[in-house]
Every structure is written in structure tokens, then in C-alpha cells.
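So the protein sequences, as listed, match chains L and E.
Residues in the first sequence are numbered consecutively from 1, following the working numbering.
Residues in the second sequence are numbered consecutively from 1001, following the working numbering.
There may be inaccurate statements among the hints.
Said to hold, decoys possible - Derived pair list, reagent style SDA-like, types lysine to any residue, alpha-carbon separation capped at 20 Å:
| no. | chain 1 | residue 1 | chain 2 | residue 2 |
| --- | --- | --- | --- | --- |
| 1 | L | Lys485 | L | Ala543 |
| 2 | E | Lys1039 | L | Ala106 |
| 3 | E | Lys1039 | L | Gly580 |
| 4 | L | Lys146 | L | Ala172 |
| 5 | E | Lys1039 | L | Val658 |
| 6 | L | Lys645 | E | Asp1259 |
Hint data in this document are derived by calculation from the structure and do not stem from the laboratory.
A quick note: this is a predicted structure, and the numbers were derived from the prediction, not measured.
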Amino acid sequence: MMQELDLKTVGSRATKVDGPAIVTGRAQYADDVQLPGMVYGRLLHNPHPHARIRRIDTTRALAVPGVVDVVTGADLPDLDLFATDEVCYQGQKVGVVVADDPDVAADALELIEVEYEVLPAVVDPLVALQHDSPPVRLDAPASEHKDADGRVLPNVTTHGELVEGDVERGFAEADVVVEAEYNVPFFHQNYLEPNASTARLEPDGRITIWTAAQGSFNIRDAVAGALRLPHGRIRVIVTQVGGAFGAKNGIFVEAHAAMLAMRLRRPVKITMRRDEEFLDGNPAPGCHVYLKTGARKDGTLTALEGRIVWDRGWLGGGGAANRLRGLYRIPHIKLESYGVRTNKPRPGAYRAPGSIQTAFARESNMDLLARKLNMDPVELRLMNAISTGDPSLNGTPLEKDWLRLTIQRTAAAAEWGKRKLGPNQGIGIACGEWTNGAGPSNAFITLGEDGSVTLLTGQVDITGLHTTLAQIVAEELAVDLTKVKVTLGNTDMVPYTALSAGSLATYSAGTAAREAARRARHRILRAAAEFLEVDADQLEMGAGRVVSRSDASLSVGLAELAASARRSSEGPISGQWVLGSLPTHPSYSVHIATVEVDPGTGRVRLLDLVAGQDVGRALNPMLVEGQIHGGATQCLGLGLMEGYKYGGNEHLLNADLVDNPIPTAMDVPVIRTVMVEEPCSDGPYGAKGVGEPPMIPGAAAIANAIHDAVGIRVTTVPITPERVLRVLQAGAAEQA
Amino acid sequence: MRSFEYLAPSTLQDALAALHQRENASVLAGGTDLILRLKRREQSPSTLVDIKRIEELDGLETGVHGLSIGAGVTMSRIEASAVVRQDYAGLHAGAATVGSAQIRNRATVVGNVCNATPCADTVPPLVVLQAQVRMSSQGGERRLPLEQLFTGPGTTVVRPDEIVVSVEVPLPEPGTGSAYARHSTRAAMDLAAAGVAVALTLEDDNETCRRAHIALGAVAPTPIRASQAEDILSGQALTPALVAEAARVASTEARPISDVRASAEFRQEIVRVLAARTIQAAAADAQRRQAMSRRSG
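Bound conformation, chain E alone (with noise of 0.2 Å):
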């Protein structure tokens, strides 16, 4: 790699400090990919902001309105979580396929939102519950919809003197459920060839889908929305065949490309199969989670 000054800041101001001072500069987290990217000389910031050391930035909060993810916050973290895996299955799904066990002990869940690569396995999920993001910078803060950040791959609106200080996510409301699956030759230690994520509320009939939101993952230049499958679904009750059509049509708005991982065709048909099982499984964590709140309250 080439060198460059570092700096380990020990507070959100003085990172922003740094960051408003300096051309070139880039923010280090986790570093897994980061750091990689550097040794392979396919970014040469001339400073690095370390930002693990800002205990502000290191608050995993869960309550009544939702979850705060701190931009210092684990993949590992968020797979330790009980009220994530309770409340938030799909997005303890994406954490826990991510790398490996030592990978996601240093990756944190805003590294993977920021580095905005297409297969980010915990963008998906975050999107279909509707999670949004907060940035500061000198002059302030401003909040987005995950779902506005991305502009391709690789690339945010995120400026380069902000921060995103956390990815926040709203409690999901009664009967919803979520999922996430993936597909990768290995188990373990690999890039999604395509991912699928969906969050599903149900009515009390535990049968109708009330609403639905499918995000697809390394299908097109950024995470997308797939939103005709979200109208097939709504309002209808979850049967097979509903289920199998809105996932045919989710793989139609997938805009896959063919690369050395996968071919376009290929990449086409797994969103179609992953759809179906996807919906499925969100529909079965909505349930669990009405069958759960019912017997609590």
C-alpha cells in the first residue's frame, strides 16, 4: 500500500475535524474491505480516520422505537443479539452470512452500508426494514432513507467530510416479519451471487399479506427495491401460487450482469427461487413474532 498519515481520534468532533481539514481522507472502521482495498492500491487516501475509538459511536441501542447502530457496531454484535434475532431476523440473517467468524468481529454493519458494494449482505435487509441513516458532518446533521444512499457501486451521497454516525431502524409493527437468503458456492467466506430480503407484515388472519417489501442484493449497480413484487403481494392472501408469481416477477426487475461469480441468466433464476423461499420464511418469522406478542400480552 501506499503510505499515508493515520489518525485515531477519540471523539465524533474531532474526527469531523479531521475529516473537514483534509483533502483525500477516508474513515477506517472494520477495515475489511478498506484495508484490502488499499494493499491492492484501488484507493490511496492520504489520511485515515479511525473511528474505533469513539466510544459515541459504539452504541448498539434497541427500545419501544427501534434500533441504533453506532458506526462502530459488529457484524458479530448485531448476531449476539437477542432482541435483533427477536425482532429483526432478516437483519440478524445478513450479519450472521457475512465472511467469517473473525471477519465479522472486526466488519461493522455501517462499513457494509457505506462501501455500497452491490452485495453488501446486510444492505437488503436494512432496506425492506426501512432503516435510515444519520450523518454528521461540521456543519450538522441529516437523516436518509438507506434506500437514497446509494448512487452505483461503490459510490453514496454520503460527503466526504461526513460521517454516518449510525443506521437507525424502526421497531417493526406487529405481524412483521422478515428474512434474508443468499446465494454463494461456499458456505462460508464468500460474496453473494444474488441475496433476497423481505419484510412482510401479516393481517390477524396470519394469512393476508398487508404489506410487503422486497429488496434485492448484487442484482443491479445498487441494492433495489423490487416493486412489483411488492404490489403483487399486498393485500393478497400468501398462497403458493401468489407466492411463486410475485417471485417471478421480483427476478423480471432484477438487472443483473454476467461476471466471473455468476451469469445474468443464472443470477435471474436464484432471485426467483430465493424470492419464493425468502417470502416464505418471512411469513413464518411474522407469524412467530404474532404468536410471541399474543402470548406476552
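One chain only, chain L, in its complex shape (with noise of 0.2 Å):
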């Protein structure tokens, strides 16, 4: 069970600090940032898959009145802002529209004339895998990838090959071998607020930047790199984030905006409409999968094969097989990934980028195991799952049993095998895994003169971090939770932190946040036995007061020990605390979903979700559920309705929120939550990143809810009713 800590604020269901301000529209987010004579920029985006810039003639848009700029890549030639000759997807940019409207920036876009010649574009992974496949950039250095025959594959950027053991004994040890092919498509992080920066060049001649990001450092870096600018020239200060999901951890308009502002030498805004989010954004990698799996008639996994192509778009890069692995013990591996170009605005991070992906292939499989061996698909889980000592994916064993925990206490908390299930309705579970990062991340606190506690820290919140933190603090200074105030800093402010990303941001600044308070706490008790003429280690912390155990007369309170700290050989009183990093563990997730599906239309209502985590230690739990529904909810809509879809032409047909639906309210059932706390050795307090694991397994989870419902797998996501439909219609022509 959990170690008990004597802990009051941490652990406790303190609401979010910043609650108030969000619900009633006073938090300032992004777009909220007006600057006296302010412009506002429009981006035009090129509207072809792929095609060679002709001619660009932007005279009739700098006549129209209120334009106070035109900009291309032409007027640019340092830069690549803008493309020039070659557009390799749909919604590139290719200029820039300025003036005091943002309406009249638009109306002059469209006088922009473009001469495009269109070229031959590949939006299919599996076609762009190919030797023939039309090139995606023609301007791209060389392909060192061939095919078996020795011919280049001119759009693959990545091959690796992940083997372990003899895959080929393994498949011969098994008696029961299940294979299959999956897609996912591109599918987009659909945060509530589109991207918006504002730039302002400074009358020392730096630039100030507002923007909604994960991390003001990554922001001015890549600004910085982009303008060619060294790092100092440039601060970033991050207001409200309306939702990042892994999105926001790079620059969007941030750079045009800073550009602008330095030509015009006036303060420039761009915010992004919802279909350039789309057309223009970094939404998660698709990718094609094929996955074989072998186990012995006990069901002990033998041999696991595979491929996985990764869809990378335009600009190509990488993306692991490992994850293909998981958390199984699997003694025979053979795992092949390729990264490929295609005709596709280049994917970002969502949540747990690249886990969602795998485990969707991978925790099908093990269902289809199950079936074929006839067992229980949450005995074959067991049976196989890493357990404590074994390595986990990054290597290090695991403390606990913390795996197989979670898959116990979800699966005893979902009545598994034990609920009655009307007709067309079916149950199944899938499990996830993710390994948070750590630092670098800072915090710095300081006690007031009217006893209150500023903490400062560099770490962006998106998830209610800084009520965390509050917390973390209010409980290692002993005081009232409403006495703390966090502050972000800006990149002028602390020192380099990392993104909040990667579910390190409670895990790094939450460690921070106690050092430095424990730091503090020192400070203060030092100052109180001066002030108080006692040793130190006489005195405890209560209530906003030094008290002396002996003598419950002899105290002091924190504001009056502030005030006369001004004046003491030490100064004022603060604490503060650098982090590099931390060690950091595996953290597991496992989604039991239940379905009904309507064999007529194919339509598969979820009835109930069961969303179990391995979090080390709730420190609010209601922030952690309030991360375990979001994660479950989006990776519902990428099990049930989301993703990109391309035409015959490639081009995107659902660039808007209609066609390329999220769920609503209507579409989420009840999600019940299971944190499993078994803490960690090095997160704070025992706490893991909690974050991205509920994003991961719930998609294959209702996948394998379908199969159990009305016998039939659909392997590629969103399942929509369509494909249930397709797939129910191919089985009963096959049974007929």
C-alpha cells in the first residue's frame, strides 16, 4: 500500500488557482494581448498538394486602403518564412497580408495573384513508400534508401530495424500466431484556442513576443533560429494556453509576427482561423502497421513481428517501433520502421506521440490473441506484462508491479467478466505506456512582508501545474493555501526550462517547487530563532507562524518575520532551487471500454469507460481524473471520428470542426477513474506524469469492445459507422 506521509494540502482536491479568472472570462489568453498601434497579419496559404510557384504579383493588394504591408518570400531572401519556388502541402505559406484590420488584411489576400504550376503529389505513406511514388520535394537532398531490387525510395528519410533475440524460433515456438494490418491517420490536437502571437519591437531594439506555448525558451530559440537573431535579442512571455496537447511546443506564426514587427516598427498580431490549424498545424503522425504475434498454447508470448511506416509529411524525419513492444515481455523481436515524406503539413507531438499509434496496433493484436487461444483478455495481459526488476522500455527495471496493478484494480473496478451485456453490446481493455520526462526547471520563492509566498517559476501550465505547485509550497511552508501566488516567468525572468510536455512538468517544477520551499523553510526557521533568541531546531511551522515546541507563548508570524528579515544580516527571505533532471519511471494506463453498436448503421455508442492509471501519487487528484477524462475523451474521438481525410486529388476534405468532428458532451459517456498510487522513488512526493498515459490505450479498447460486441475487428481509426457497417457486411457475404 502507500507509504503515508503526513500531508495536508498536497493530495488535497484544492480547486485550480486559476479557475476564477478561466470561467469568467477574465484570463487573458493569446489573442486577448492589444498594443496601441497594433496592425494584424493574414497568412496566405497555398491551396495545392504540391505544385512550383510560377509568379507572385502582389501590386492590387498593396493598393488597397489600410494595408500597410505585403510581404513574400521574395522580400525575404535570408529567410525561409515563406516558400518561393516549390509548395510541397496544402496551406504552406507563401506571403503575408498587413494592415489596421484584420477584415481588410483578408479582402487584400485575395487580391494577392499566384501563378501556381501544379505537380504530381502522394499523400498515401504506403504509396509514398514506393520506388515510383512522385517525389513530395523535389528540392530534397538525395534518398540513401532502396528497395530490395536496389531502387531509390525517393520519399524515405528513415529505416531502422529493432531485433532481439530470433524472431523465426520464436514464431516456431508458438502455437497460435495472429497478424493483421492497421491504420491511423493524421489527427489533429484540436486545442480550443488557435494559435494568436503578438511581436513588438522594443525601444532598445529587442523583440517581446506574446504567444500560447508549452515553453517560452523553445519559443524564443526557435524564433531566434529563424530570424537569425541571437537569443538575447528576443523575450517570450506566454499568456493563458487555451489548450497545447504537444501542439504548442514549437512556433507557429511567432516568427512572421516578429518579422513583421521589426520591419514595420509597429506592434504586428496573427491569429489563426480553425482551418489553418488544420491545413497549417502539426497534428499527430499517421501510420501503417503490420503486426504478427506469436504465443504458446498457455498463452506466453513467443515472438512479436513487424512494420511500422510512419507518415511524416513534407519535410520526413523519424518515428520508433519499439513502442510496437510495449510493456509485454516478448523474448523474440523483429521490428522494422520506415519514415516517409508525403504531400502533409509536418506532424508535431499529441499527447503521448507515438504511443497512441502503436498501442492501438499492438493492444488489437493481443486481443485477437486472446480470441484465438480462447482466454481471457485480461489473463493473457497478466500473464505476460513486465512485472518489478523487469527492464521497462527505456531500460530501467521497474520498482513496482505497477503494470499489472493497474490492470487488476481497472479491471476490478469495471466488474470484468462479471457484467451482464444486453444484445450488440460488448466489452474490452487495452492497456498503455508512457515514461515522463524530467527538467530542467526552476523555482523561486520569496516571502512577503504581509506573509504571503510568490513563487516564480518558468514551467508553462497547461494541465493546473501552477495549482500544484501552490500546494507543494503551502505544504512544505506550512500555510494556508490561498497565502501562495504563482507568477510564470518570462524568458528575461529564469533560467532555460523546459516545455511543459512530455508529463515532466509536475515531476520537474513540482520538485523544484519543494526544494526551493524547503530552502525557505530553512531561511525562515534560521530568522525565527534570531528573532525569537531560540535554537532553530526548537521551532515548527503552523498555520502562517513559527512556534516554539517548548513554549507555545514564544512565536512569530511570518509577515512580521519578513518584515524584519529586511533589516537582518541575511536579508530577505526567499528560496530557490535549479533542477537538471530526475530519474524518472514507466507509468501505465489501461482503458476498459463498453459499446453498443447498432448493426443497422453501424453507429457504436460508447456506454461506459473505466480508465484506470498508474500515477505514484494523486497530488490533486481531482487535476489528475480532470487528466485522465481529457486524455480518454480524445482518444475516444481518434477511436470514433476524428482524422484527416483526402480527396482523389489529395487534397483535405475536412479542414473544419463539422467534418473532422471532436466528441461532445453527448458523445462521452461517464468516465469512471482509477488511480493506482504506488509511488515512484524520484517524482515529488512519489508523483509520476500523468498527462499523456490516458490518451494511449482507449482507442484499441473500444476496437476490441466492438469485436466482443458483434464479432468483427476494424482495424483502421476513426471506426466509423461506415467502416463497422463495411466490415459487418463483408463478414456476413463471407458467411453466407
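Assembly of the complex is requested from the two constituent chains, each provided in isolation within its own frame, with the hints serving as guidance.
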């Protein structure tokens, strides 16, 4: 069981410190930034999947009253902010109009004349993988990758192989083998807040950028790189972030706004529309997976063979295959991975990048295997799950039996094997794995002369982080939570801080806050000892005061102490901690979905979802549950409705939220959460990262539940009614 | 969006005069479709004539002759009306399925009709309930059966100087029931991939179908009638086999296209499934109404 710590504020369901401002509309998001003399930029996007730019004429746009500037790549010969010769995806930036009014800028945008020569394009990664595929980029360096016949594969950018043991021997030892092919499309993070950035040239020649991002330093570095400026010229202020999910790790329009602000010497704001987010954002990459799993009659896994082709958009890039093994003991493995270019935007991170796609294939295959073995899917997973002492995916041995405990407790909460299901109803389980990152992070604490405590950190809050940090500081200094104020430091105020990504924020900044608070506590006790003229070890802290253990009448309030410290030899009371890194541990998520399938229309209704997660320790159970609810909702979206769709002419068909739908409240059942609290030895109070794991297993759990309900396997997400009906009818035709 | 002149007259006369005097004016009611089109620059009227302040267009009148739905009446008001729920169940279902509660508080039935999107949720039920459309211009008033209003996706016979002032729905005769069902991926906030409305009049035996009206949405350039399927049901006892056959025929009358939302084949299959269910639902509604009238009679 969980080791007992005497915690008061940490572990409580404290409401979000910024909650009232958010729900009353007072929170300041990126687009809320208004500066005197500000002008507005609107971007011109290329409409073709692949084309050559023949000519651009901006004369008519420049003549529109209210237009301040029109910029294309030709105006910026040293920078890569706009395409000049070749465009390689629909949505690529070609130019920008700046005007007094954003609608005037949009009017002028329509008057820019661009002559394109349309080129052959490819959006299917399996087509892009072939030697005879149209090249995605004419200007790309020659590919080093060849097929078995020695022919050059023009769009392949990476190829990797992971081999352990002897996979042929593994399959020879198997009594049962299953294999299937899986498809995952591009899918979008669909943060509520479209990107917006405002830039201003300061009197000293520096540039200030306001934007909503997951880390101010990454934005600063990326803008510096894009504009070829020294980092010190740029200051980045992160506003309230209206959803990010990995997408806002990097820049969207920050460099464009900064370039324009320097050029025009006026503040410039660029706000993206929703369709621009789809066309010119950085959605999650799609993939095609072939996966073959072998097991003995008793269920012991013997071999895994697979190939994953990652669709990496126009710039290409890599993608790992090891997550296809994930969280099971398998002695013989051969996994191949390709990264291919396609005429699509460059994909980025989306909540547990790489894990979601691979878990869909892996956990679907495990379900197929359980069926073929005639074995309970929970039993099959428990039997093969890595356990205490086994190496996790990143090599470190498991401290505790986290995975098996999470499977067991989630199955118990879902009454696995005991539920009575109606006709066309089914239940399915799937597991996910994620190992959070760590650091760098920081915390700077100051005790105020009114007894309040301020915490300055460079760690951006996208999940409720600052509430948890306030809880940690309140806990360590034994003050009321309302006494603690958290401030986000911009790039001028704090040392380099990692992105709030990879589930590292609370793990890292939480540790920094605890260590900084402990240092502040030592300072407070020393100052109190001096003030009260007793030994520091005679003192304890509580309710905003320092009190002598032996004589309760000897005490001093924090406000008085802070005021007197101004005149003390050590000066005002503070505590700080700069964190480099920390050892990390895997955390596991298990989803059990119950569905009902309409056999007439193929519509799948999610009746119930039990989401279990190995969280180490829930520093704020309400916020952890919120993460689980949100992640589970996003993966049910991928499972049932979301994803980029391309037409026959390689054009994106659904750059909007009507035809690229995300679940609404009507589509989401009550999600029951199971928090497995078995602390790890390195996170603050034993906590692990919690943001990413809940996104991982849901799509596979739904696919497995559908199989249980109506006996069919859908291997492509989203599992739309049409896909269900097609497989149902194919199954019926086979039986007839 | 591009800039435009905005007018908000308080009388129908003023609104009609504004339309008469201006080229390229659009009528604004709920705006749940129009404003989106303006933002996307798919439509750029030089004037918007907002009719929401015109009191005389705001009426939802119910009576022995039927239902009169003024141009200002929102989906929410239809949804909340006990009379509509009681006597026009198909229309109630159609209005209640549009968008979300927020959209329904804003969107109007007449707006839904005038937009003429093939997937409009209130149109197939209004068609099977034999609704008529009342249009006004400075030149006078005219009426048309709703079915004759549409000329293609997004186009109608309504002239630029006309305002559709109301939709008139006759009170369904005793023994008549109606129903509407649609298919969409999401449970709400979605557009129909296919929709089927049915109005049936049963004989006194409560089993034989005297007359049937079937209308299909989102499976042709305009909402269409499935007249062959109607003929199959008319004068026959509603056996499961007959219903299945009518549903099959209705699906062959659909002329869907493949697009981002669904393939043509899928839409056709959905029409078959929904038609069978909706015929049954309309028959059940007819029996319910029959029972109610007997009780009150």
C-alpha cells in the first residue's frame, strides 16, 4: 500500500488557482493581447498539395486602403518564412498581408496573384514508400534508402530495425499466431484556442513576443533560429494557454509576427483561423502497421514481428517501432520502421506521441490473440505484463508491479467478467505505457511582508500545474493555500526551463518547488530563531507562524518575520532551486470500454469507460482525474470520429470541426477513473507524470469492445459507422 | 468577412422595402449558417436585413387548421411546444436534432428551410406533413408547397426581394402520425449523412396504411419524396415484410453522392435502415394520436 506521509495540502482536491479567471472570461489568452498602434497580419496559404510557384504579384493587394505591408519570400531572401519556388503541402505559407484591420488584410489577401504549376503529389504513406512514388519534394537531398531490388526510395527519410533474439525461432515455438494491418490517419490536437502571436519591437531594439505555448524558451530559440537573431534579442511572454496537447511545443506564427514587427516598427498580431490550424498546424503523424504476434497454447508470448511506416509529412523524419512491444515480455522480436515524406504538413507532438498509434495496433493484436487462444484478455495481459525488476521500455527496471496492479484494479472496478451485457454490447480492454521526462525546471520563492508567499517558475501551466505547485509550497511552508501566488516567469526572468510536455511539468517543477520551499523553510526557521532567541531546532511551522515546541507563547508570524528580515544580516527571506534532471519511471494506463453497436447503421455508442492509471501519487486527485477524463475523451475521438481525410486529388477534405468532428458531451459517457497510487522513488512525493498516459489505450479498447459486441475487427481508426457497417457486411457475405 | 450594410427594421413593410431597394441583400434571422458563410467569404452580401426585430414574424400559432411558424421562430420554441410534440412529432424530432441547445436557441425553422441545404433536419418532416411556404414582397404575397421551393443545393425559388414570412403546416388528419430519424457520426452538433421523415395515416383498424408520405434528406440535391415507397405502403397492412420492402425501395429512390461525410452506397444503406425504423415509428405515433383522440373524444 501507499506509504503514509503526513500531508495536508498536497493530495487535496484544491480548486484551480486560475479557475475563477478562466470560467468568468477574465483570463488573458494570446489573442487578448492588445497594444497601441497594433496592426494585423493574415497569411496567404498555398492551395495545392504540390506545386511550383511561377509568379507572385502583390500590387493589387498593396493598393487596398488600410493595407500596411505585403510580404512574400522574395522580400526575405535570407529567411525561410515563406515558400518561394516549390510548395509541398496544401496550406504552406506563401505570403502575408498586414493591415489596420484583420478583415481588410483578408480582403487584400484575395488580391495577391499567385501562378502555380501543379505537380504530382502523394498523401498515402504506403504509396510514398514505393520507388515509383512521385517525389514529395523536388528540392530534397537524394534519398539513401533503397528497396530490395536496389531501387532508390525517393521519399523514405529513415529506416530502422530492432532485433532481439531470433524471431523465426520465436514463431516456431508459437502454437498460435495472429497478424493484422492497422491504419491511423493524421489527427489534430484541436486545442480550443487557435494560435495567436503578438510581437513588438522595444526601444532598445529587442523584440517581445506574446504567445500561448508550452514553453517560452523553446519559442525564443525557434524564433531566434528562424530570424537568425541572437537569443538575447528576444523575450517571450507566454499568456494563458487555451489547450496545447503537444502542438504548441514549437512555433506557428511567432517568427512571422516578430519579423513584421521589426520591419514595420509597429506591434503586429497574427491570429490563425481554425482551417489554418488544420492545414498549416502540426497534427499527430499517421502510420500503417503490420503486426504479427505468436504465443504458446498457455498464452506465453514468444515472438513479435512488425513493420511500421510513419507518415511524416513534407519534411520527413523518423519514428520508433519499439513501442509496438511496449509493456510485454517477448523474447524474440523483429520490428522495422520507416519514416516517409508525404505532401502534408509536418506533424508534431500530440499527447503521448507514438504511443497512441502503436498501442492501437499492439493492443488490437493482443485481443485477437486472446480470442484465438480462447483466453481471457485480462489474463493474457497479466501473464505477459512486465513486472517488478523487469526492464521497462527505456531500460530501467520496474520498481514496483505497477502495470499488473493497474490492470487488476481497473478490471476489478469495471467488474470485468461479471457484467451482464445486452445484445450488440461488448467490453474490451487495452493498456498503454508512457515514461515521463524530467527537467530542467526551477522555482524561486519569496516570503512577502504580509505573510504571503510568491513562487516564480519558468514552467508553463497547461494542466493545472500552478495549482499543484501552490499546494506543494503551502505544504512545505505550512501556510494556507490562498497565501501562495504563482507567477510564470518569462525568458528574461528565469533560467532555461523545459517545455511543459512529455508529462514532465509537475514531476520537474514540483520537485523544484518542493526543494525551493524547503530552503525557504530553513531560512524562515533561522530568522525566527534569531528573532525569538531560541535554537532553530526548537521551532516548528504551522498556520503561517513559527512556534517554539516547548513554549507555545514563543512565536512569530511570517509577516512580522519577513518584515524584520529586511534588516537582518541575511536579508529578505527566499528559497530557490534550479533542477537539472531526475531519474524517471514508466507509468501505465488501462482502459476498459463498453460499447453498443447498432448493426443497422454501424454506429458505435460508448456506454461506459473505466480508465485506470498508475499515477505514483495524486498530488491533486481532482486535477489528475481531469487529465484522465480529457485524455480518455481525446482517444475516444480518435477511436470513433476524428482524422484527416484526403480526396482523390490529394486535397484535404475536412479542415473544419464539422467534418473532422471531436466528441461533444453527448458522445462521452461517465468516465470512471481508477488511480493506482504506488509512489515511485523520484517524483515529488512519489508522483509520476499523468498527462499523457490516459490518451493511449482508448482507441484499442473500443476496437476490442466492438469485436466483443458484434464479432468483427476494425483495424483502421476512426472506427466510423461506415467502416463498421462495411466490415459487418463483408463478414455476413463471408458466412453466406 | 467583408464589410456590409446592416439594417434591422421593426416592420415587415420596412424590411420588404429595403430588399426592394437594394441589390445583393441577404435576410438575416438566426444567422447560424449565414454568419459562417460570411466569415468564410462564401457569400458577401452588400446589405444584411435583420428580421429578428419584426414582431409580426415572431408568431408560433397553433389551432384547428394547423401550425403557423413565423420566420422568427427558433428551433427551441418548436422543441418546447407541447402541441408540436403531440401532433407534429416528426417536426419536433427534426427541430430537436439540429445542432446543439445553443444553436437551437438561435436558429429558425424558416432559416433552415431557406438555406436549402439537402441535409436540413426540419425539411423532410415539413415535407411529409405537407407544409406550405408563405412569401411576401412589395408586390404581394404568394404560397407554395414546400416541396416546390427547392431548385438545388442552397437554391430556392424565393426571389431576392421576397421574405419567407412563415411555414404553414396543416393539422394532420386523425389517424396520422409522423417521425423523423437521421444518421450522423456524433450524437449532437453534427449534420445528417442521411435523414428520413415519414407521415402515415392509418385506417381505423390501426394496422392498414391509408396514405404514406416519405421524404429523404441529404441523399439528393434537394430533399426528395420517395413516392414509389409511399405507393407500396398505401392501402396495405403494415407487415414487417411490407415495411422492409418499402424501405428497400426508398433506398433505391435516393440519389446520393459520395463526399467527405459518407459514401453514396453507405447513404443508400442508411436510408433503407432508417426508412424501416421511421415507418414503424410513424405508425406508432399514429396509434398514439389515435388513442389520445379516442380518450379525449
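Status of each hint after checking the structure:
no.	hint	in the structure
1	L/Lys485 / L/Ala543	holds, 17 Å
2	E/Lys1039 / L/Ala106	holds, 10 Å
3	E/Lys1039 / L/Gly580	violated, 48 Å
4	L/Lys146 / L/Ala172	violated, 30 Å
5	E/Lys1039 / L/Val658	holds, 15 Å
6	L/Lys645 / E/Asp1259	holds, 10 Å
Hints 3, 4 from the earlier list are contradicted by this structure; the remaining hints agree with it.
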